[in-house]
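Engineer: Those sequence lines, one after another, are chains A and B.
Under the numbering used here, think of the first position of the first sequence as 1, with each following residue one higher.
Under the numbering used here, think of the first position of the second sequence as 1001, with each following residue one higher.
Because the hints were derived from the structure by calculation, they are not lab data.
Computed from a predicted structure; not experimentally measured.
Treat the hints with care, since some could be wrong.
[As the list claims (entries may be wrong)] In silico DMTMM-like links for lysine to aspartate or glutamate, alpha-carbon gap of 20 Å or less:
#: 1; chain 1: B; residue 1: LYS1160; chain 2: A; residue 2: ASP334
#: 2; chain 1: A; residue 1: LYS160; chain 2: A; residue 2: ASP260
#: 3; chain 1: B; residue 1: LYS1160; chain 2: A; residue 2: GLU252
#: 4; chain 1: A; residue 1: LYS160; chain 2: B; residue 2: GLU1252
#: 5; chain 1: B; residue 1: LYS1160; chain 2: A; residue 2: ASP316
#: 6; chain 1: B; residue 1: LYS1160; chain 2: A; residue 2: GLU292
#: 7; chain 1: A; residue 1: LYS160; chain 2: B; residue 2: ASP1232
#: 8; chain 1: A; residue 1: LYS331; chain 2: A; residue 2: GLU407
#: 9; chain 1: B; residue 1: LYS1281; chain 2: B; residue 2: ASP1364
#: 10; chain 1: A; residue 1: LYS160; chain 2: B; residue 2: GLU1292
#: 11; chain 1: A; residue 1: LYS281; chain 2: A; residue 2: ASP260
#: 12; chain 1: A; residue 1: LYS160; chain 2: B; residue 2: GLU1245
#: 13; chain 1: B; residue 1: LYS1281; chain 2: B; residue 2: GLU1245
#: 14; chain 1: A; residue 1: LYS160; chain 2: B; residue 2: GLU1246
#: 15; chain 1: A; residue 1: LYS267; chain 2: A; residue 2: GLU343
#: 16; chain 1: A; residue 1: LYS281; chain 2: A; residue 2: ASP334
#: 17; chain 1: B; residue 1: LYS1267; chain 2: B; residue 2: GLU1338
#: 18; chain 1: A; residue 1: LYS281; chain 2: A; residue 2: GLU246
#: 19; chain 1: B; residue 1: LYS1160; chain 2: A; residue 2: GLU245
Residue-level listing of the chains:
There are 2 protein chains.
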Amino acid sequence: MTIGVASLVEELRNSLGPKAVITDPRELEPWVTDWRGRVHGAAPAMLAPASTEEVVQIVRSAAEHRVPLVPQGGNTGMSAGATPPADGSAMLLSMRRMNRIRAISAGDRLAVAEAGVVLATLNDAVHEVGMRFPLTLGARGSCTIGGLTSTNAGGTQVLKFGTMRSLVAGVEAVLPDGSIHNGLSGLKKDNRGYSIDQLLIGAEGTLGVVTAVALRLVPAVAARVVAWAGVDDPRRALELLRFLEERTQSIEGFELVPQDSLQLVLKHVSGTRPPLSGVHKWHVLIEATTPEAGSNISNEIERLLGLALNQEIIGDAVIASSEAQAEAFWKIRDSISEAERAEGQTLAHDISVPVADMPRFIMDASEQVERAFPGVIASGFGHLGDGNIHFHVRAGSHAAPDWYEAEGAAITRFVDDLVTAAGGSISAEHGIGQLKRAEFARLAEPGRLHALRAIKQALDPLGIMNPGKLVP
Amino acid sequence: MTIGVASLVEELRNSLGPKAVITDPRELEPWVTDWRGRVHGAAPAMLAPASTEEVVQIVRSAAEHRVPLVPQGGNTGMSAGATPPADGSAMLLSMRRMNRIRAISAGDRLAVAEAGVVLATLNDAVHEVGMRFPLTLGARGSCTIGGLTSTNAGGTQVLKFGTMRSLVAGVEAVLPDGSIHNGLSGLKKDNRGYSIDQLLIGAEGTLGVVTAVALRLVPAVAARVVAWAGVDDPRRALELLRFLEERTQSIEGFELVPQDSLQLVLKHVSGTRPPLSGVHKWHVLIEATTPEAGSNISNEIERLLGLALNQEIIGDAVIASSEAQAEAFWKIRDSISEAERAEGQTLAHDISVPVADMPRFIMDASEQVERAFPGVIASGFGHLGDGNIHFHVRAGSHAAPDWYEAEGAAITRFVDDLVTAAGGSISAEHGIGQLKRAEFARLAEPGRLHALRAIKQALDPLGIMNPGKLVP
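One chain only, chain A, in its complex shape:
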């Protein structure tokens, strides 16, 4: 611990009390490594404020002592954006003690949650008043509202409701100069200059510490239907989505699954079974919901899938006949990454291209990657309707044990080049963090990098907010 850090720790322990300043290495240990266990950091202390005022105090002291802060929520990020640097030069700023839901109003369709509220906790609380916060993802039991906001999280309902950027009505944050930005009044219309709220969403803690968020709610789901369809190729899958969207407003999930991924799930994940009896090259998981009680959404989707079958858009389809079967369909989708890991080494890419171009991109990119790196298997699955797939490249069965380390970077550069050439994004929903910073620097337009650096320098001239993340 340098003298600067030691005196800061001492100062904060005196002013905030022992609960807010954790230095025991055993307590720190789970939080200094990213959740996939790939990036190992170190921190002399973890600060755990219980209020916005305590965050102000921490930020002011950190600025004074020139000790950087690494804000962290549930530590479930995919790009190591909340993992401190390995040299121990920064302090962790855990937001988990700020976990109050300050308000929920069904009438206003708004909830105000502190940064440390866990997504599942919010979902439950909102459900109790007949409303719904329409964002969910695998880590829902650990990830926090602050982290979701700072990473502009997506998930499987973006198709209908958008990412956090659409769902956040306002942000409360402590800016690097120690001032509080209060956007929580949840004004629906406010044209007083640049949107600081929108700037903080997806900023990965590099422009300030998000302390609370006003979130838009929608009416609770009255009925839902989950269906599975087999199609010839991703083009047909997109055609099906367009076909459905022209006829109903109820589609909220539309996930593409290649046959290859389905087979891996059936092989490695116990209790799974194929939804359809025949063999199809590609599959689509469809979720439709309605907030309107009494509407027969199941009949409607069945009728539409029947029409799609007649028009040969799909080869077959089945509607889940029970909640258990619906969950079984989703389990297949949610188990793909796990099944791939069980099969062998896998390299994941979270990418997006314009929606209309995605079917061709999946086919072309897979072919090109497999040609350039003989032996690998490439495929894409996920949020087709958002133009966002998880493009995974798997080591062949004869790959060396160090394939990931030896080949990974070259394959990723190859994939990122294809994505960039297609006008896409090398980070659709996982952010830049530490892991994608070099590729971002390599591929971003100079004007964009210049603008990002200028904004970062303008708002955080001392560089105390999550240095080494996002901005190359």
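Starting from the known structure of chain A, arrange chain B on it as the hints suggest.
Structural biologist: Below, chain B alone, put in the same frame as chain A:
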């Protein structure tokens, strides 16, 4: 014309041709004054580029010669944000020649329009492919996509579809350093750092020149119904909105009209007649639409209004029985400002507070203003469901001819103080421009002002982009 300006004009005339550089005072005249005729500016020339590359050239030359630019679309802004300074130190940058619709895709639900495309032109083009751009406002025949984006425009459909901030899928802009920011690929998910798109929306041309915009489309309206209801007070009006929203997803317009405003319209605007036979203290104009063919939306709204009548939420209601009657209802709403001007001097305030607080705010603020400034008549009308009303203060019949000049500033300060105390915004949809800059500087939190100034300075260090606007 200073030497710097003269040589810049000469340089640009040589490189861009005479059509792109207008110096004839008669041609300039309509564009150097704001459309309400309140703010008179001057400019040595109006530049009219025809392409993004020409804008790049203009911005680079302007930076080199240190001559500021004032971007302008249809010149229909309410805060004089596109009016050049009176000393003639800046050049007008008219975007009206960049008026191509580059693409419309019903499948992708996207249109790409250049900054100078007029809203009504876009609406028509989109309608032809069975889609709809769900934003409209009074100036639709003149206002441009670039101006709407730069001012984060709202209108009467924000309730369901949001402001431009929700409807813009991406922005192409020339930044002050002459680089092109290209956000037009319309990626639905892209987490590569701070959103430059969102920063440019509502920036009033102070951070760059918007040259083209990707816009989200929704399916065309298959059926609509317009209704008029009488209520006791704004609280009942909001109760009606909540009642309807719990039972249908089709409400997209919900406008509050006080009896006093209705009477002024009936008095001054020929051909108008009261929608209801009885007298009500307050009125609500309701518009419901559906993209689904065959749904009987008129019956549904009639049934719901019947229920609301039974529950004594409303005192009476009528459904427009024809398109002509629907337009007649809207004409009343749209003629309020005109009728007020015909009656006498009026001071307008475009303000917002949290939706739930708006009913009480309207009543309390009106009472307080009338008490503080004896003789005036204060009332609020407009977008109740967005928490945004136009709070107008009218001179009494005995007011002096210079009432507006003599009393206006004091009344506005009084209203703005009430709004700020209620956690609201002194500019809900009209922006800051020149007209609200002093009040913005007086009332904004220091942290917010600091952040805005820092961002402006970071991205436009030479101060060539619309100086004297928005940022105090």
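Engineer: Mind listing which of the numbered hints don't hold for this structure, in increasing order?
Structural biologist: Numbers 1, 2, 5, 7, 8, 13, 18 - these are the hints that the structure violates, sorted from lowest upward.
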